[in-house]
Amino acid sequence: MSGVNVFGLYAAAAVGLGLYGMITSPQPLRKIIAFNLLGSGVFLLFGVVGRRGAAAGIGNDPVPQALVITGVVVAFSATALAVALLLRLSEKASSTTLSSGPAGRAGSDPPGH
Amino acid sequence: MSLARDMITLVAVSAGAFFFLAGTIGLLRFPDTLTRLHALTKADNLGLGLVVLGLLPQAASVRDALKLISVWLLALLAGATVSQLIARAAREARTTR
Amino acid sequence: MLSTAATLDATASTGGFMLVLSVVVPVSGVLLAFILGDRYVRLIACAIVLLGLAISAAILVALLHSNGPIVYLLGDWPPPLGIALRADGLAAVMLATTAVVICAVAAFAAADFSATGTGRRASSTFWILLLAIWGALNTIFLAGDLFTLYVALELLTFAAVPLVSLDGHTETLRAAIRYLLFALLGSVLYLLGATLLYGLHGTLDIVLLSHRVGAQPAVLVAAALMTTGLLAKTALFPLHLWLPPAHAGAPTAASAILSGLVVKGSFFIIVRLWFNVMPGVPGFAATQLLAGLGGAAIVLGSVVALRQERLKLLIAYSTLAQIGYLFLMFPLAFGPSGQLESSGALGGGLLQAISHATAKAAMFMAAGCIYATLGQDRIPGLRGVGRILPIGVLAFAFSGLALMGLPPGGAFLAKELLLQAAAENGQWWWALVLQAGGVFTAAYVVLVLAHAVGTSDGATTPHSATSRIRELAALALALCSLLLGLAPWDAFLPIPQASAADKLGLDAVWKMLLLLVGGAVVAILLGRWDLPLTHPWRCKALRAVVGPIRRAGLSSSALLENCDDLLREWPVSCICLVSLAAAFGVLMRVAY
Amino acid sequence: MNIASTFELMLAAVVLGLGIWTIAVHETYSAAVGFVAYGLLVALIWVRLDAVDVALTEAAISGGLGGVLLLGAAARLRHAELMVAEVPDRLTRVSAAVLSVMTAAALVGAVLWLPDSAPTLAPEVVANAWATSLTNPVTNVLMAFRAMDTMLEKVVLLLAIIGVWSLAPDTAWGGRPGPRHRADPNGVLVFLARLLPPAGIAIAVYILWTGANHPGGAFQGGAILAAMWLLAVMAGLTDTPAVGRRWLRLILVAGPALFLVVGLGGLWFGTAFLAYPTAQAKPLIVVIEVAMIQTIAATLGLLLTGAPERSAKP
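Just so you know, the sequences run in chain order A, B, C and D.
In terms of this note's numbering, the first sequence has 1 at position 1, counting the first letter as 1, and numbering is strictly consecutive.
Each position in the second sequence, counted from 1, maps to that position plus 113 in this note's numbering.
Each position in the third sequence, counted from 1, maps to that position plus 210 in this note's numbering.
Each position in the fourth sequence, counted from 1, maps to that position plus 802 in this note's numbering.
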């Protein structure tokens, strides 16, 4: 099962890569892309786990497969929501930076109601 | 019979792979958008066509063969459209500059 | 394997269909409200709220009459192939609390979010998301499968994030993105852990896992990842970068839900993980780390709360501190051996969560009334609001007292239980933290109340009138929190019988007074705003003594505030997240 | 080392390289392009893992629609993103790198420590397939054994739509999302948008239908339908619908609603919530999937077009 382990190693690497991207990317959109990379790593790990559980004439345990399909759709929805928020922010503000500097301390905006 | 089929597959798929390789090198090495596009479409159309052609003798049923051919046709259609759109965008970018 | 699950879960499903309904009813409310459109949204939401309240009550009653948890097998498929819903005492009381808080918030918001004019967008969205949050929380409390919990967590996040940015200001949009991204990071780590558990044991069912899990290295990695991911969603210090702006920036009714209920969702999964899925696996050192973070959260959250200029931010930081309080139960429940020793501490911790859910929602609603009346919520500008908004300020006072642990409140009983557990298994240091937490809470409550009831220099004019229903909703919820200690908890939580009643008395009043005085002293020393009480102090000698101490206190609290600013930077927070995961992994490994 | 494992090694190496490039490349737009290619190659890994259902989903949703979403956002944010100049300092980057490597190493360790006799539910899935008389095990898990997850995930999709719509300006609430696209009516894009959708719809229906017994299903088919619709919108052949429309909202909830109704039917008439009577299991699942493919297509398409921007009234 060497091939499976190759992909298992890659999945772990993708998780590390995605984490690094999420921590260090300055642009929010890059963080979203890194999140997707991270997610693909986690899903692949699940796939490797399922591949190890191949049995009964099925090459990959169907339960992890189903869970990954659900997970992919959830991750896509998350991406769409994050992108929509980001686009809206870029319409309202000149910069899409996520940090609020010491002057504009978070929440100094008047709240609703 | 089986040997002849395998030979056809071997030759056609290798030729297809060669076109892909050439197309990729072209994509990386050519200087501007239009020439790169030229390289890319070769890989897409000819390369994929040859690969499909090579795989046809291996298809288990007529249905599988039809699926393979439709994959090629769809890729052809999409490739042609997209490359024209890219070419047009490139031309507009050049004229406005 | 199937047979063990079947025997476990065959233990009666009478009334199990109610578990299904408690998830399905809010979800169908979401669908119905979405189809019928803006005009009917509020109507549907109110009908669903009443129905859901009835279902939660029915589950409580059904649990009283059943021996053991109520179990329902979805699609009649037993785990590990299928998914089970299970309601034990913890789940049932959380369901009931959620129903009560949602009910109060709905009453509060009914005046706020009406379906007229340009507010149609905010109104429709709010009501649909309120129902969605409810459905997600009920699923979290009932689901017996780690992946279903993941989907429910995402449901919760997806419902909570748009609530934060409902008013569409730049800062709240920014807060919403930070919240979403950080929460996603947390849930990915959780899923990663779940993946490893499936790879080890071939199931994600909580009960089945609890029979199979041992201290294998992969389990420890999974536990560390899942715990950290959930902590990010719960916003335990130092992973709180998203909480203050998100909770302070949302509309009031949404803040009440976010602060009172939403953070409890991921907290509840941590409890499930540590107490049900892998009891005893994390070990002593890890519980100490968890509670240590809680203690740090109490100090940092409270001190920074005392420095806030705006009331809503003060309450948001108070939530940060109170979340820390919730995690003190872990070492007390597990004890030095790392095994479950004091179930009273578990009961106390859950009770603390319930008490905070009600009190904090009430506090945000009271603050919302004050904001609506004054048109602003700067703390120095609160003077005289007690005159024009007596009920609102009273609601604030009650909820503050409930948070501090005034008998017979839920927080009071919880604190007693935790102190008892600390005494029993000899962890006196957590008793100190518990007491300090009470004093800190008293400090910021006193700070706000002193300003609110203080006389103003000029006549305070109301900016606009707030509706009486809103004040009453806040007051009712605050009272509810204050009376929680009288409820018959022993039927649902592992709490010794009648421990509340015998602790009422002169002794309790004395403790409370001590707490208030201590709070006032802390507020004077660390608060950024002078208490109005200090004005009559013309005594120079006293000033000469207090002055330097206060300056020292202020500079140290400013230091903590800077520290908080640094921790809320995105890269720093993320690095904290990953380091915490590593620390948990190492500590859990050390235990074996 | 045989050819297959050499291929897998190369595939993993290429994907890793692409991943690193996507994270490290300077321009955000390039990163988005990199991610599209990455998604497609990851789908190949899924094929190698013998999970063709997931491969289809990954290619259609992650690589395809997700890529379009990110590319569109990158194009629109080109200027805003450039202004962000808060590159983290060296210390942050180094510690982030160290921690990420540690996490990856811990995961590698955990994967290597997994027991040799891997636990699996595959035999149980196969043994219980009689209940639905479908032979695609993944569809069985999604639609029968873990139907609750699938139903909740439909609600997640709906909430994402509500969340995206809630970002509309108050004046555009209930209006049409995205700009009105116009393209040269004799141009090649319009030509493609007229030619491709019939074929796309046929393929989507085929994938849905074959999903009962072979890889495929509502997700994959729905993603293709969504792509066809987006193509027509981009070519200006059709406009995005006003989001306040009743029919649109009906389509958007059809999947979860029908799921709930069938589930409650099981609770009322049958043995349990979401339990299908054995004789009608297949037709019921097919009906739910037909409703779901429409819901998924509409949801995915509208998630890509974003928040309403134009008032419904002209």
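Think of the hints as simulated: they come from the structure by calculation, not from any bench.
Certain hints may be false.
Stated by the list, open to error - Just some of the chain A residues that point at chain C, by a computed CB distance under 10 Å:
#1 Ile23
#2 Leu45
#3 Thr79
#4 Leu86
#5 Arg88
Cβ atoms here follow ideal geometry from the backbone N, Cα and C, with glycine treated the same way.
Status of the hints after comparison with the structure:
With 10 Å as the threshold, the beta carbon of Ile23 of chain A comes within range of chain C, its nearest partner Cβ sitting at about 4 Å, so the hint holds. The closest approach between the C-beta of Leu45 of chain A and any C-beta of chain C is roughly 5 Å, which is under the 10 Å cut-off, so the hint is satisfied. Restraint check, Thr79 of chain A versus chain C: the minimum CB separation of about 9 Å is within 10 Å; hint holds. The criterion of a C-beta within 10 Å of any C-beta in chain C is met by Leu86 of chain A, whose closest approach is roughly 6 Å, and the hint holds.
Because the smallest distance between the Cβ of Arg88 of chain A and any Cβ of chain C comes to about 6 Å, under 10 Å, the interface hint for this residue holds.
Figure legend: structure checked against the earlier numbered hints; every hint is met.
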